[in-house]
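Q: Chain by chain, the residues:
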Amino acid sequence: MTAIVVQDLRVSRGGTEVLKGISFSVDPGSVYALLGGNGAGKSTTLLTLLGFLTPDSGSASVLDNDVTQCVSRVRQQIAYLPEAATLYPHLNAYENLEYFLDLAGRKTTQLELDQALDEVGLQLESRSRHMEDYSKGMRQKVAISLAILRETPVLLLDEPTSGLDPVAIDEFNALVRNLAGLGKSILMVTHDVYGACQVANRIGLLRRGQLVGSFDAPAGERIETDRVHATFAERATA
Amino acid sequence: MMREFKFMLRDKAVWVWLSLAFVFSLAAVSLGLNEVSQQNAEIAELKQLDRAERRTNLAAQADWGSAAYYTFHITYDPPSDFAYAAIGQRDVSPWKHRIRMLALEGQIYETDANNPDFALVGRFDFAFVASLIAPLLVVLLLFDLRSGEQVAGRLRLIEASAASGAKLWWSRAGLRVSALAVALCVPLIAGGLVSGAPILTLAFCVGAVCVYLAFWTMLTLLLAPATRTGAYNLTTMLGTWLLLCAVVPAILTQLIERVVPLPDGGEIVLAQREAVNDAWDLPREATYEPFLQRYPQWADHTAWNDEDGFEWKWYYAFQQVGDQTAEPLSQSYRVGQARRDELARWSSLISPATLMQRTMERLAGTDMQAAIDYEQDVRQFHGVLRDWYYARLFKAEVFDADVAIETIPTFDPVGR
Ligand SMILES: Nc1ncnc2c1ncn2[C@@H]1O[C@H](COP(=O)(O)OP(=O)(O)OP(=O)(O)O)[C@@H](O)[C@H]1O
Ligand SMILES: [Mg+2]
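Heads up: the sequence lines are chains A and B, in that order.
First residue of the first sequence? That's 1 in the working numbering, and the numbers climb one at a time after it.
First residue of the second sequence? That's 1 in the working numbering, and the numbers climb one at a time after it.
Rather than coming from a laboratory, the hints here were simulated on the basis of the structure.
Predicted model, so just to flag it, every value in this text is computed and none were measured.
In this text, a Cβ means the ideal position worked out from N, Cα and C, and glycines have one as well.
Do not rely on the hints blindly, as some may be mistaken.
Partial selection, computed: residues in chain A whose CB lies under 8 Å from chain B [what the hints assert, rightly or not]:
{"#": "1", "residue": "SER23"}
{"#": "2", "residue": "PHE52"}
{"#": "3", "residue": "PRO55"}
{"#": "4", "residue": "CYS70"}
{"#": "5", "residue": "GLN77"}
{"#": "6", "residue": "PRO82"}
{"#": "7", "residue": "ALA85"}
{"#": "8", "residue": "LEU91"}
{"#": "9", "residue": "TYR99"}
{"#": "10", "residue": "LEU103"}
{"#": "11", "residue": "ALA104"}
{"#": "12", "residue": "LYS107"}
Bound conformation, chain B alone (with noise of 0.2 Å):
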């Protein structure tokens, strides 16, 4: 082991990689860290500005139905502490929405115009750099292992001296392999160590790396034998790549996409856009009617004040109804969201290179799991709200800003 640990030292090219490898994976966790720290100052800041908003909003009100109307909320999904190895979901899907009273799904989904979909290959990250790039390391430091040697007219000098020709093949890969497993993994502990990452995860994380190594290590060792000449090797594995990074995960995505279509975005906003909108002309049963079935406790609220004038209260019943009336196909949409999540699940098992990036982001807590389960927190929030409000206005309690601002519910995303 120290012969070979000695003599790999001695090989230049395992230094061009190794280094190349550490420096992908520095890069990658420096700009991960980056866009964590910036979306928790985001955060932080839309925190801060969010309570003093709407101190000041709610002291401008003269009732519940405007404070309700002129009110907004931050809700946000808190990157985890792991989330600068594998950005993930966080980079297509919202994890902030400012919200308000008013019916929800159109909020939610409004931000889905700007859903990129360049999201193929994914953001710069150690996911990214231990998913695609580090196959292609183990393939440059292992492509010519053994046919370099029959080249240059060694192979059967060593295969002659050596007690065990296969031994001293595989103490050679796996010194190098192990080098690679080290120069990718100091920068993630690093970065770990300074987010302050679970051990637990970090240890999980760097098994995972290590173990999707030696599964490349195994193919090349497999796939590039003594008997073919360096550049056929090299093709051979650069096709393996290609096909295992690249072509699989694509036509797997293609598939399932077309297996389990995803209702639009936009469809949603325009179905509860319209629902609302209509709600102005329809007699107030119309909209009572849906919503009471929703709220029974409010049907003795109901009653109107003023016959000519205008209600907050049936404003708020009718955009609870917009909601309820874009719900089938907000749901369609989070089941074939969860559904198409579950296939790739599945199939990622016949593509290592998914399999790696997905396992990243479950570990970092951005992967689309936790893009449905912000969702629905945020659901949840604006239930709580609803509830708060609804109080108020079907009870016709007198406005008081002090007390609006000391009880108003607000999120707190503590619970994941």
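If we strip away everything but chain A, and leave its shape as in the complex, we get (with noise of 0.2 Å):
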């Protein structure tokens, strides 16, 4: 079975056409890295296949659900990291990933929370205050914390690394791969080459809707960056 399936997927907002027919499939246990400048439709690509946008043509499933079809199954199989995401500013870190994950039908103990926000380098002193004194970083990091929490199989990661500092940044690459070695199968968008190709074992490069590029990692070995670069930047001058 394939985490995830997107075939020719075409997908329009506010009346254009925003995902002109992409295709591509995440592996179980693996990571796909997906590329691409403001506005290719990175986004647009995670909230199609969390049920919010409906495409136009084509297809998406999430572990052979369909997701225009079973919109609620495909949700409680993926944890998503929204682009910015913003939690409850009136309340703590723990109460925070309290509610959200009760929500979403999981409890969990203190020593869950404090083990999660200890692996996003979350200041021990920082997460029963309100988070609306937190930096931009810090509130990545809970957010961050709370997809980790969730124990889905699916992980739909936009924009994780935004805000956070370089060793955030490298700690963060060594959870992506740890969860990867657990068998979750994620699909995270960034503008990061470097960082895409630490953690990717494959990585597509989305522009203004259409896959441009693919690149897939040799076994047991990382993706050239300076290949993704090369290519990165020669479509987006063209």
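Since each chain sits alone in its own frame, please combine them into the complex, following the hints.
A: As structure tokens, then:
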């Protein structure tokens, strides 16, 4: 079974076609990085997989469930990290995590919450403070830990490293590799060519709603950053 | 549910609106209780004075005619145990009349002169809070329920996390509105316990409040979607509130008043007074003929004792004829009132706020029907009083103050 299958997907937003027939798949236990410039259609792809947008044509499925037909089953299997995720500012990190996890039907212990927050590197002393006092990166860390704690087989992450400092990015990349090692299938949207090459088994290059390039990591090795970067830049100027 | 309950308790805005609801309801119920106890105290005092004054007056008279002329009788409509919640018509229609044997219609409609026209908004009682302020609070609690999450960028995360988005919004809205119902109804029930209102009436009223709030909840969820901004939703909902709670009721009232014109209370008073005043100069038969049509039993007792003198029985006969002259007008006034009320009842089906208000006034016995019923009680009592005096006047009985004090009919509001 393939984790995510997208076939000839066409999606329009506000009357213009944003995704112009893209196809790709994500294997179980692998990381797929969707690279592309602003407005290329990356977030749109994730929103379509979550059933928020209806495709004009083509199909998309998550763990063999069609995303237009089994919206709630699909959503249950996905942990979604939205672009610029915001949680409730009047709650602290624990309360936010508890609330959103309960919403998804998952009860957690304090220990589990602390472990997840340790993994993303949020300082202990900030955790009981209201999130309105958090920096952008701190908020992002809580949102990432929320996605991890969902313990779903599939993760859709929209620019997970935005706002993170270099140390936190390295930690995050290690975390993603670790999750893939545990069998999670991860589709990750990013602008960060270097980061993508660090963690992804496969990279898709999206440009104006079309996949214009695809790179696979050789077994046991990483994708060469220079190659991706060159293609990214070349296509961007073309 | 527990999760959403805890979540709601952390929302400061919810606390603000709920406290406001509680304060409004508490104030309305206290004012209502105060008004009702004032009315009760006034009635008790009037009853006492009434009895004492009648004793003194009757004792000072020498014949039945002057006894009837100088003795007043208090009539009143005691507030029900639930009237504190909806003062209703008791604000605008009289609930007490001090009457005597003279022509009655004038005595009833005289008070019409201070009938205020500001009754459009009405008194600040629980019915006002429940029918006009409560919907506003529902709107304030719910207009930004989804659009607020959308603007804050949480909507997608919430909907992607929740097993059922619809269920989440319903439970959030349901909890907030339930809390609102509690904040509104606790003072109401407390007031009911204080005044001794029937449990069933209280339960029915609470039920009506809940249904009404549920209506506004659905309306708000329907008209305030996530895709709009909070400001847009608030504008839509305030407009809807204004329309349903002010514009539609005002238009319906105007329409009904135009469709069913009412004679002026003053016209009735005038018709009756003219008839009475003219009677002095008319031949006696002109008075006795219509009088005897109504009271044929006194046909053999109209003979004049002193040809040039004054006869009380004739005097009271033309008082009665004055009422008879005003009767068609007074009748059409009552029919008009009832017709207006009937139309208002039907039209309230398209005006939820009016329906709510009317339901509460019905429960409290303070609606138009109750006011009309009281007026009929007064007429009926006046009839009893007349029968009693006629028997003494026409049979030329000897006046006995002690007997009069003992046996004179008194108004008894029992029956409603
Ligand atoms: N709500 C919307 N309504 C209409 N068009 C939209 C909407 N959101 C995005 N678009 C359009 O869809 C296209 C793709 O947007 P999308 O958000 O998927 O880009 P992206 O690749 O995620 O960009 P970024 O890197 O800036 O996040 C853009 O041209 C954008 O103008
Ligand atoms: Mg994006």
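Q: Hint by hint, note whether the structure agrees.
A: Evaluation of the provided hints:
1. SER23: Violated. Min distance 24 Å.
2. PHE52: holds, 6 Å
3. PRO55: With a closest approach of 17 Å, the A/PRO55 hint is violated.
4. CYS70: Not OK, violated: A/CYS70 not within 8 Å of chain B, min 13 Å.
5. GLN77: violated, 11 Å
6. PRO82: Since the shortest Cβ distance to chain B is 5 Å, the answer is holds.
7. ALA85: OK, holds: A/ALA85 within 8 Å of chain B, min 6 Å.
8. LEU91: holds, 7 Å
9. TYR99: Holds: closest Cβ of chain B sits about 6 Å from A/TYR99, inside 8 Å.
10. LEU103: Check passed: Cβ of A/LEU103 comes within 5 Å of chain B, closer than 8 Å.
11. ALA104: holds, 4 Å
12. LYS107: Nearest chain B Cβ about 10 Å off; hint violated.
Checked against the numbered hints given earlier, the structure breaks hints 1, 3, 4, 5, 12 and satisfies all the rest.
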